[in-house]
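Asker: Use these hints to put chain V onto chain L, whose structure you have.
Chains L and V supply the protein sequences, listed in that same order. Residue numbering for the first sequence follows the working numbering, beginning at 1 and increasing consecutively. Residue numbering for the second sequence follows the working numbering, beginning at 1 and increasing consecutively.
I should point out that these hints are in silico values taken from the structure, not numbers from a laboratory. Owing to the predicted nature of the structure, the values given are computational and were not obtained by experimental measurement. Ideal Cβ positions, reconstructed from N, Cα and C, are used throughout, including at glycine. Be aware that a few hints might be false.
Taking lysine-lysine pairs in the DSSO-like style, the calculated list, with each CA pair at most 30 Å apart, reads [what the hints assert, rightly or not]:
#1 V/Lys160 x V/Lys231
#2 L/Lys220 x V/Lys160
#3 V/Lys59 x L/Lys220
#4 L/Lys220 x V/Lys161
#5 V/Lys58 x V/Lys79
#6 V/Lys172 x L/Lys220
#7 V/Lys165 x V/Lys58
#8 V/Lys160 x V/Lys180
#9 V/Lys59 x V/Lys123
Covered by chain L, according to a simulated footprint, are these stretches of chain V (three or more residues, beta-carbon under 8 Å) [claimed, not checked]:
#10 46-57
#11 78-84
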Amino acid sequence: MGLRQAFLWRFNHPRQAKACGLMMSLMASLIFSHQSAFAVESGGHNSSERGKRLYEESCLFCHGEVGQGDGPDAFSLGAYSAPRPRAFTGGEYKFRSTPSGEPPTDYDLFETMTNGIPGFMPSFRGLPEEDRWAIVTYIKQFSTIFQEIAGTPVVLPPGPLPATTASIIRGHELYALLDCAKCHGPEAMMPGGLYEQGELRDRRELDILPRDLHNLPSFKNGHQPRDIAKSILTGLDGTPMASYQEALSPHPEDIWHLVNYLMSLSPQ
Amino acid sequence: MANNYPIVQQTRRTFFLRTLAIAGILSLAQAGNIQAGTLQGKIIYHGPLPDKEEIVVKKDSETCGKTREVEPIILAQNKGVQDVIVSVEMEGQDSPAKDSGQPKTIVNKGCRFLTRVGTATVKQTLTIQNLDPILHNTHVRTSTRAFINVVLLPEAMGVKKALRKPGPMTVKCNKHPFMKGFIHVFSHPYHTVTDSTGHFMILNLPEGTHTLSFWHETLGTLQQTVTLPQKDGTILTIEFPAP
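So that you can see chain V by itself, here it is in the shape it has in the complex:
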């Protein structure tokens, strides 16, 4: 890790949560080996679930399947929401990206984007690959323009392009319109995506009060302030309201 990276304070303080409007706090007594700058949380949703959409695949169904089920909200048994982008609101930092150098990869496989919802840091390289036996056409767009729109041969090791600007981007395949993905680019390394149980963890956050942003493709955006460090093992619980 580079030297000018915000130093993680090892002091342990009780954590303090400013806004309680939509947040519940769940304190797990599990004493962990967690650093003070670590933020842990879980995102839940109790509202009604929109119907799953079943799309009939008209082309390349040997590879893509005959139908494709699209779930507007992917919810775990414990009501945890998968694929929420969690980030800290922060101006660009001098610190280099935590994972700069490691390429961020979008793989076309089984006519799906892996990862479908992801985050990246400016200066990281985006690699687009195709592991399918058919052609794909990966079209990545910022809110105003194409980042890249490129056709990939079957089993193509793919193209690489440096991410230069922060902001949300959408990923589509012009050939298979049911393929959709999202990648949000940040100017700092404090971002992640919730796992299949709705949990997330952001490491090495500077101490202090931060505004967190939560973005979900169907549920929209929420913001929440939090003060670090949190107590060991504390899990912040955020609930998306029903629309």
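Pulled out of the complex, with its shape left as it was, chain L reads as follows:
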């Protein structure tokens, strides 16, 4: 299977990539590095013209002509409430597979665009795949961060682990130990104390609501176990939701218990 096919396979069946451990991360890095190669390949002049045109057709209304998050529709979304459409010029992204402070991978951007953001941004699954890649290349040029740092995906520990009662109980314990309640509320009955006190702000100093952890479909960064693990480990940059990679490092497998607990909160 050629690299390109490997990549497409990963894209078409992202959830089938269940192989675990080192193998998985090795594969992931192969796949991720292939993506950048792909982006470079398609980054020629014609493609950037195409990227621009597609961006202007599909994204400009919200994200603005020069990617400052100030398109004409951005205002009807409520200029004073979070989240505002992302300003690509800031180079800061919430939904990443990469550590806090690093830019997302091309694939992260591709996935965000493909899946959309529940409640805030439509899915662009309808656009041909090549068009979506051309847009990825186009929005990256709004910020120099992509030239400065090559985002490297974090390695998830082997998993997910089965959602046994013991695992969910451990997850519940971790939720308390790791202070998630300060923002998401005790037992994830949101909102937590810090929100009540008006202390949760996003990058624009707008009040930001912590995610309702009882509502899986509202998760912006995907709601499969691997997606949730990714959100918690890497954090949502530009919001108070920080990376828990370091905090979970003594027992990396704990991430899966936490994920199992969170998933148990939503009605199946």
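Answerer: For chain V alone, kept in the frame of chain L given last:
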């Protein structure tokens, strides 16, 4: 020290100060062992002091205390201003950072950042530690984006990350909003922070005329030119005007 570091001239010349708008010059007769490329100074403020703010700590007060006093300007008896970032305006140098290799550390202790106001040089490693028995969440931001936003377990040896870009950064804790800090990153090694008496010293500056920048979280920014070398023991006095 690396070889291509700007050589310090040992010649002693009288110093010359170009702009006098807000600067007083105080010459101490103390003959020191100070090199020609050494810049010494003191920052003072005579204006009105904003009220101290007392914040009621709502969470973790066993560790953080029941209240937290925030002083917008920390002034010594002699009117010296603490925590002013002093730096030389200079494009990136080929010279390696004076202290590169030495990590710059932000320690969370007693729900305070130590150091609260600091400087660092590009390529230095920033280490973030937590010595408190509670969780902290250190959120370091540049003017546009997160440098790192990370949760630290109690007594965590912490995370390390290389500083890649010059510029000012703010440090916050999402869990304890009264915790605030500043760290300015430079592409050269000529920067420091004033001590509790408002004094500062920058070593090994190349000879010539330099523009100095002074930044304070409440008082803002001032600039001043100075020509080196200064006379032995000369202390440049900079006064922040009242707002």
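Asker: It remains to establish, for every hint, whether it holds in the given structure.
Answerer: Structure-based check of each hint:
1. V/Lys160 x V/Lys231: Distance of about 41 Å is beyond 30 Å: violated.
2. L/Lys220 x V/Lys160: holds (29 Å)
3. V/Lys59 x L/Lys220: holds (29 Å)
4. L/Lys220 x V/Lys161: Holds, at about 28 Å.
5. V/Lys58 x V/Lys79: violated (34 Å)
6. V/Lys172 x L/Lys220: holds (25 Å)
7. V/Lys165 x V/Lys58: Violated, because 36 Å separates the two Cα atoms, which is more than 30 Å.
8. V/Lys160 x V/Lys180: The hint holds at about 19 Å.
9. V/Lys59 x V/Lys123: violated (36 Å)
10. 46-57: violated (count 0)
11. 78-84: violated (count 0)
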